[in-house]
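Participant: Single-letter residue listing:
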Amino acid sequence: MDQFFLFYASFFDQITMLTKRIIPCLDIKNGRTVKGVNFLGLRDAGDPVELARRYSEEGADELVFLDITATLEKRKTLVDLVTRVAREINIPFTVGGGIKTVDEIEELLKAGADKVSLNSSIVKDPDLINRASDAFGAQAVVAAVDAKRTGNSWHVFIKGGTEDTGMDALEWMKETETRGAGEILLTSMDRDGTKQGFDLDLLKLVNEQVTIPVIASGGAGTIQHCIDAVKTGNADAVLAASIFHFKEIEIADLKADMANSGIPVRNMAL
Amino acid sequence: MIALIKYRAGNIASVSNALDRLGADYFLADTPDQLETADGVIFPGVGHAGAAMESLKENGIDEWLQQTKKPVLGICVGMQLLYDSSSEGDTKALGLIPGRLEKFDSNDAKVPHMGWNVIHIKQDHPLLKGINSGEHFYFVHSFYAPETSDAIATCDYITDFTAVVSKDNFAGVQFHPEKSGKAGARVLQNFLDHVYG
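Protein chains in written order, with my numbering: chain B, 134 to 403; chain U, 55 to 251.
Note that these hints are calculated values from the structure, not bench results.
Any given hint might turn out to be false.
Some but not every residue of chain U turned toward chain B, in silico, with C-beta under 10 Å [said to hold, decoys possible]:
1) N65
2) A72
3) F81
4) K123
5) H167
6) G238
C-beta: ideal position from N, C-alpha, C; glycine also.
Isolated chain B (complex conformation) (with noise of 0.2 Å):
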């Protein structure tokens, strides 16, 4: 019986499907990472290259940028950081912060990234995701929403959360799906921070309610949680940042323990 058991589950191990992905997030200012890391053995901490190319070591899946810089030579610093991301990098790459205009999203794809973060501006501008996808493809948007309960629901909060637009978050995630977004990144504004969990109960309804994939965001502290983040919320990635860059949790040892609940992972043979 547990033979019969053991070579069932590596028959399953075998035809592994789709990865759920580990996804460490930068938060950039000035062309730095803004948050202190603490990662022995950097040369320079702040230098987001740098740090991407060790997340990458480690088994990241994918990387985010958000870039948060307020000035009027933002733009140029992000087209060089990822130009110089897209040099160094072998993994895919999003980047996000600000971006308002097809251009902007051009400029930053032809620099070198896989695709676009889109927030604030989507919500003024919903159009834009269609512009964006018609001009990119779907795969290129990842529409970007910061939801927080209001009630016995949860709206839509821009400007990095501090204002409630009052629009429904699933509705809205629902929408950006219609209008051509590839991905939504979804980000509980009650839990950003906390260490106490994701919003599972928002996770698992946004995935009832959508086809794209859905990255879950805001909440991370223990691998636990991110392993419920896809058990119970069904969420195909888990973004953190924190957890990562104080080395609270090694990537390598979320992905074992993801992998040993039954979620498949991308192991690192090579």
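Put chain U on the given structure of chain B with help from the hints.
Facilitator: Just chain U now, with coordinates in the frame of chain B:
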């Protein structure tokens, strides 16, 4: 030297960055005359197969590809265009490998197939030297080549489809080796070794 085909549907930046990381000797080519000087050719592609095919025709690159005996590696839509046709826009493709690209059924799973998935190797081939079944590669696509006898490796998403194909001097990979970490770099290096071997 390796020629990297430059046309409107190519994602030149990512592939050329990957070739730079490997220290490969390559140049960008957008005419048959330039391609004719190459030892081997990398044929990238993104977006709509029909639009990509139209773009290839502008400089006669389609006809050059159809007669060349040089080693050619198609990537993603570049691989797809090596086949007879694609149901994406009912596109007539290059006809170098028998088969027709079909769209994944989105009733069964999320489309596009986007992310890291494993390949299953069906035949020994220089392109997959050092790579084992179960290795992960990064895929982004909505159309797939059905598994045929030309498949070197397959991937399972909704259905078994061709992940790596080879026929005559043509090879193709449905995944993005330029974005597939060390495993992807190994595939590109294998192609370079094959060209210069």
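Participant: Hints first: check each against the structure and report whether it holds.
Facilitator: Verification of the supplied hints:
Hint status for N65/U relative to chain B: holds, with the closest Cβ pair at about 9 Å, below 10 Å. The interface hint given for A72/U is met, as the beta carbon of that residue sits about 6 Å from the closest beta carbon of chain B, less than 10 Å. Evaluation of the F81/U hint against chain B yields a violated restraint, the C-beta minimum of about 18 Å exceeding 10 Å. Restraint check, K123/U versus chain B: the minimum CB separation of about 31 Å is more than 10 Å; hint violated.
Evaluation of the H167/U hint against chain B yields a held restraint, the C-beta minimum of about 7 Å falling below 10 Å. Because the beta carbon of G238/U sits about 6 Å from the nearest beta carbon in chain B, less than 10 Å, this interface hint is met.
Comparing the model with each earlier hint shows violations of hints 3 and 4; every other hint is respected.
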